[in-house]
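K.L.:
Position chains Z, D and W relative to chain A; hints supplied.
Residue numbers (the working numbering), protein chains in the order written: chain A, 19 to 196; chain Z, 19 to 196; chain D, 19 to 196; chain W, 19 to 196.
Treat the hints as calculated values from the structure; they're not laboratory data.
There could be a bad hint or two in this list.
Just so you know, same-sequence chains aren't split out, so a pair can sit in one copy or run between any two.
Said to hold, decoys possible - With a Cα cut of at most 20 Å, we get these calculated SDA-like pairs of lysine to any residue:
id	residue 1	residue 2
1	LYS95	ALA57
2	LYS95	TYR192
3	LYS95	ARG194
4	LYS29	GLY153
5	LYS95	PRO183
6	LYS95	GLN195
7	LYS29	GLY142
8	LYS29	VAL49
9	LYS95	ALA186
10	LYS95	ILE196
11	LYS95	ALA191
12	LYS95	VAL61
13	LYS29	ASP59
14	LYS95	HIS185
15	LYS29	ALA40
16	LYS95	ASP59
Protein chains: 4
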Amino acid sequence: MLYHSNTGNTKLMADLVAEGAASVPETEVRVRGVAEADADDLVWCDGVAVGSPTCMGTISWQMKRFWDETALPLWPKIEGKLGCAFSSSGGLAGGGELTCLALLVVLMNYGLLTFGIPDYVAPGRTLHYGAVCAGRPRDNADREACHRVGRRLAEWVQTLLLGRPEHAPQAAAYSRQI
Amino acid sequence: MLYHSNTGNTKLMADLVAEGAASVPETEVRVRGVAEADADDLVWCDGVAVGSPTCMGTISWQMKRFWDETALPLWPKIEGKLGCAFSSSGGLAGGGELTCLALLVVLMNYGLLTFGIPDYVAPGRTLHYGAVCAGRPRDNADREACHRVGRRLAEWVQTLLLGRPEHAPQAAAYSRQI
Amino acid sequence: MLYHSNTGNTKLMADLVAEGAASVPETEVRVRGVAEADADDLVWCDGVAVGSPTCMGTISWQMKRFWDETALPLWPKIEGKLGCAFSSSGGLAGGGELTCLALLVVLMNYGLLTFGIPDYVAPGRTLHYGAVCAGRPRDNADREACHRVGRRLAEWVQTLLLGRPEHAPQAAAYSRQI
Amino acid sequence: MLYHSNTGNTKLMADLVAEGAASVPETEVRVRGVAEADADDLVWCDGVAVGSPTCMGTISWQMKRFWDETALPLWPKIEGKLGCAFSSSGGLAGGGELTCLALLVVLMNYGLLTFGIPDYVAPGRTLHYGAVCAGRPRDNADREACHRVGRRLAEWVQTLLLGRPEHAPQAAAYSRQI
Numbered sequence: 019m020l021y022h023s024n025t026g027n028t029k030l031m032a033d034l035v036a037e038g039a040a041s042v043p044e045t046e047v048r049v050r051g052v053a054e055a056d057a058d059d060l061v062w063c064d065g066v067a068v069g070s071p072t073c074m075g076t077i078s079w080q081m082k083r084f085w086d087e088t089a090l091p092l093w094p095k096i097e098g099k100l101g102c103a104f105s106s107s108g109g110l111a112g113g114g115e116l117t118c119l120a121l122l123v124v125l126m127n128y129g130l131l132t133f134g135i136p137d138y139v140a141p142g143r144t145l146h147y148g149a150v151c152a153g154r155p156r157d158n159a160d161r162e163a164c165h166r167v168g169r170r171l172a173e174w175v176q177t178l179l180l181g182r183p184e185h186a187p188q189a190a191a192y193s194r195q196i
Numbered sequence: 019m020l021y022h023s024n025t026g027n028t029k030l031m032a033d034l035v036a037e038g039a040a041s042v043p044e045t046e047v048r049v050r051g052v053a054e055a056d057a058d059d060l061v062w063c064d065g066v067a068v069g070s071p072t073c074m075g076t077i078s079w080q081m082k083r084f085w086d087e088t089a090l091p092l093w094p095k096i097e098g099k100l101g102c103a104f105s106s107s108g109g110l111a112g113g114g115e116l117t118c119l120a121l122l123v124v125l126m127n128y129g130l131l132t133f134g135i136p137d138y139v140a141p142g143r144t145l146h147y148g149a150v151c152a153g154r155p156r157d158n159a160d161r162e163a164c165h166r167v168g169r170r171l172a173e174w175v176q177t178l179l180l181g182r183p184e185h186a187p188q189a190a191a192y193s194r195q196i
Numbered sequence: 019m020l021y022h023s024n025t026g027n028t029k030l031m032a033d034l035v036a037e038g039a040a041s042v043p044e045t046e047v048r049v050r051g052v053a054e055a056d057a058d059d060l061v062w063c064d065g066v067a068v069g070s071p072t073c074m075g076t077i078s079w080q081m082k083r084f085w086d087e088t089a090l091p092l093w094p095k096i097e098g099k100l101g102c103a104f105s106s107s108g109g110l111a112g113g114g115e116l117t118c119l120a121l122l123v124v125l126m127n128y129g130l131l132t133f134g135i136p137d138y139v140a141p142g143r144t145l146h147y148g149a150v151c152a153g154r155p156r157d158n159a160d161r162e163a164c165h166r167v168g169r170r171l172a173e174w175v176q177t178l179l180l181g182r183p184e185h186a187p188q189a190a191a192y193s194r195q196i
Numbered sequence: 019m020l021y022h023s024n025t026g027n028t029k030l031m032a033d034l035v036a037e038g039a040a041s042v043p044e045t046e047v048r049v050r051g052v053a054e055a056d057a058d059d060l061v062w063c064d065g066v067a068v069g070s071p072t073c074m075g076t077i078s079w080q081m082k083r084f085w086d087e088t089a090l091p092l093w094p095k096i097e098g099k100l101g102c103a104f105s106s107s108g109g110l111a112g113g114g115e116l117t118c119l120a121l122l123v124v125l126m127n128y129g130l131l132t133f134g135i136p137d138y139v140a141p142g143r144t145l146h147y148g149a150v151c152a153g154r155p156r157d158n159a160d161r162e163a164c165h166r167v168g169r170r171l172a173e174w175v176q177t178l179l180l181g182r183p184e185h186a187p188q189a190a191a192y193s194r195q196i
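Only chain A is shown next, with the shape it has when bound in the complex:
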């Protein structure tokens, strides 16, 4: 879990994403702020959920610097890991989706695999390209969106990279379409 947070909102999301990932058995999770993360964290992990505040419709400069500089020696040596995204924006329709997609573009540049999430977490609330909250996560739908993106990442890591198909989303016991 790699995040940058200006106001603390994306940090709150990151903690929930981590909870979701950790809910998948045999999954070990590190939560790293962008200032403390280093390239070794990327080498260590099988999958990474990257969270940035929506800043002017896209990734914050602090998170971008991590990928431009800190992670640069790993380009494209981390190819084949899995990645996904989440973002806290000032308001809905304010660029949260665009920020998630921009994060996925960065991860794809490094050769990572990514994925969409068809699940609905509440009526009218989904997370197809990553979890988006307006401000901090406030209600159950916000929290479940964060959980879900972490959980899905861990499910795909277990299924595709670690050979444990019993953790595939298709085998999930929880409700995926509401």
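P.N.:
Structure of chains Z, D and W alone, referenced to chain A:
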């Protein structure tokens, strides 16, 4: 106002967008479904707000066909007109922003000018890249987002194309940041 | 391999993408034009490379209709398959990248996994978000970009879905950075 | 003209973009690197062409920091100015278009108007969403793409903001479709 609607939700949005545009003095508005619109409607207008349901994260094929075929003889003869976008999606974080941006990409391909809308219409609700509703417009924030995108289009048309700077957004009497 | 072609250029690309995929051992490939493809083709495959001409900066309406209508009964039942994209555009900087990304957005909406391709196929020629040609594939770089996107798809399918890590890109014998 | 350049390639593009803008009569141009630019430069201008290297498929962190921090006091007070984009990428199909579009997203967030450019500058070379070069501008098509984006910006500024319709692209004496 050019729209395609499968379920009626984008049609409801289109009517609100048209109301918003018509609220700017000296502005004449046509509302056209994609099946009845033709190239002459694009020639006639100074600005166009284009609405599509979010279908699999982007523009519906019906709306795309309009731009690929119906409007094709006008490429790029309508350069310099103004355009903006709106979309009804199945759920928030489900591609509504991406659909608006995809519509703007199509309009830019034709040489149109477009614009962002910094306004907030409610706490946590904005429309930076176009108005987005989950399903039909339900509450005041939804309705105001639709109104605002139409109004802003008409304001810019009046200001930039028709020489009436008294209609500039900067002169607006309504609240733009909440 | 699913493609739509107006002028034949995307069809030429599709054939090259198919060649690239078929170059990976134990890989069976179907090439389907959008008019002849059906939902069963999507069920049958483990991975799909989707090609569309760049039409006004994004997916052609014909290809979009396939995903809006033909494939709709499969949403999101094909989750976990792999997908990638390619596009022929009228000119470089004319929307080919945007079309590839839009195709990936559609695939992610269905729950597919996708991936970036860091490889360079010639100095100044890459295919990070899918293979792009201006017009028809003309030179070795064009052909290799098409080959590579098909090959990478097959490599990931073999590695991640079919349990044959000997086909991982990391084990590739060909040059990946030029 | 606001640019960030790591290798000097985007700087070379910026100089050409500036030349293109300055070729429109009555147009004054400032060229500013991101380290020396300040908010006053944005207040001063009527239009801004923003150039960033393509870094991992999107805006460099240095350019992003300018918009996240340096320009922040102006949000959204520079609404209604015009903006466009250019980018130097490591290779074609490597994210140059995505970077241009990401820059436009940032500008729209600030409330700027932007536009597409339908012109072709050589067979198979256009600049619909901004000028893109693989590496430094090398040939006439590269140079003309840079010129054209600056020229178009100045043409629209003169036409729409300064009341001089004789500078409209539609009145252009140069070849726009090749």
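K.L.:
Against the structure shown, which of the earlier numbered hints fail to hold, in ascending order?
P.N.:
Hint check: nothing fails, all pass.
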